[in-house]
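Undergrad: Could you slot chain B onto chain A? The hints should help.
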Amino acid sequence: MNEEFPPPAPTPDPAKGLPPVRPPSGRHIVQLFLVPGLIVGGAVAILLGFSWLAGGSRTPDQFLKNIDSANADIRWRAASDLAQVLKRDENLASDPEFALRLAERLQRALDELDRLEQDKAKIESTSSSSTGDVAKAKNALAAQRSYVQYLGACLGNLSIPVGVPLLTDLARNGRGSDPKLRALTRRQAVWALSNLGDGLKRFAKLPDARKAAVRRQLEANVDTASGATREWAASALAWVDGKGSLGVVQALADCANEDRDVFLRKQVALALNFWEGDAAEKTLAEDTLLRLARDTGRGERIEIPEGE
Amino acid sequence: MKSRLRLCAMALLLLAGCNRGGSVPVVVTGPKSPAGWEVRYQATVALARRGSDKVKDEGVWDNLTEMLEEEQQLRNFRRSTADGKEVSEAGAAHLTVITALQAINELHKKRPEMDLTGLNPALEKLTQSRNLAVSTEAKRTQQLLSK
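Protein sequence lines, in the order shown, are assigned to chains A and B.
308 is the number that this note's numbering gives the last residue of the first sequence; the numbers go up by one with no jumps.
147 is the number that this note's numbering gives the last residue of the second sequence; the numbers go up by one with no jumps.
Isolated chain A (complex conformation) (with noise of 0.2 Å):
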């Protein structure tokens, strides 16, 4: 180290032809801080500005509008990227109003995608169908099926528990009369409950006039909304209370008993890692747990290609 670092030798006199050493002068320091911290301003403004553009469409409003577009890619294109934003996003992923509206929107997209199912096979098995008509009907269903993947993960993203009702009621049934189809949207409503069994822990992190400000909301909707919509807000209104069981151990522990998909059953035991529930529920997730510890791969593997 005293090889590279020699001690400071008396300063010796300027050699020959060098200019004499002087402190920096105001214009110096200008030049050196001033000029760099310009361009540096500058390349902030245009990142922040950018951001400031790109950010225009992340308002709650305009999440749903463009989830309500008419053209179906645009759809699932804005549900995916809720689907992202509220994982990190504390005030939206705990926004009741904007949960309940969400939850809407799954419940009138999963009836959507049963219709174009319906089409689809009458379509089929129409012998006058043209390819042209059968390949639309396959899209309009690839991306309906899409969105409603996606809005069930934004349910599962969010901090509180409003898309449980529908999302165990997927995974116990699924939906469609195609197996894969069926199989796929199973899975994706337990891993959303794996997601969702992990994210209301940041519920508990929000301070607690966010927390009171969420009640109240729910609240209001239970007193004011109707059918479906109030039964999700009472639900997650008995959570936000500590009364109440959500049911999702025990959607989970139906879930385990699937005899013929083995990735349903794995993804299952991954869920319960994230919900503990009462005491009776600890005791039915580790029973299930302990079953499924003891599983030996019965039943077929349901293959769902990339893409599908």
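FYI, nobody ran anything at the bench for these hints, they're computed from the structure.
Being a predicted model, the structure only gives us computed values, none of them experimental.
Some hints could be false.
[Unchecked claim] Derived lysine to aspartate or glutamate pairs resembling EDC-like cross-links, with alpha carbons at most 20 Å apart: (1) A/205 with A/300; (2) A/282 with B/57; (3) B/110 with A/276; (4) A/138 with A/114; (5) B/32 with A/300; (6) B/110 with A/198; (7) A/282 with B/106; (8) B/54 with A/276; (9) B/54 with A/300; (10) B/110 with A/287; (11) A/180 with A/300; (12) A/201 with B/106; (13) B/54 with A/281; (14) A/282 with B/53; (15) B/110 with A/281; (16) B/56 with A/287; (17) B/109 with A/276; (18) A/65 with A/114; (19) B/110 with A/278; (20) B/54 with A/278; (21) A/211 with A/223.
TA: Using the frame of chain A, we list chain B on its own:
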């Protein structure tokens, strides 16, 4: 200058060490675990993370020790190459071992009174792993369990 060169050389060795034996796929010989091992492993990890007594139940404990067998994991995670050979997917295999080690750490934190000495031989073996991440995690687990 010499010390800087020495530092660079050590950093390069460390980086290379992280991937010891991982860059060249190993041709797999020997059977996979019986069918359903993916489900069994996931459930075993979940039970351990929950700090459940059932970790000591018949079957579950066997799963846990099996997950700590690096060679068996290299046999479980395999893929076929274009020339028909079966090679191991080392990344996935090592991740399984590390997941099991982390689950054991969590189990010990939640249930410090639970006797986990039966895992010691497997842990000792893993500390000698050619994979740096596995050996480091195994040493960490050994340290935690010895407290």
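Undergrad: Taking each numbered hint in turn, which are not upheld by the structure, reported in ascending numerical order?
TA: When the structure is compared with the hints, numbers 1, 9 and 18 turn out to be violated.
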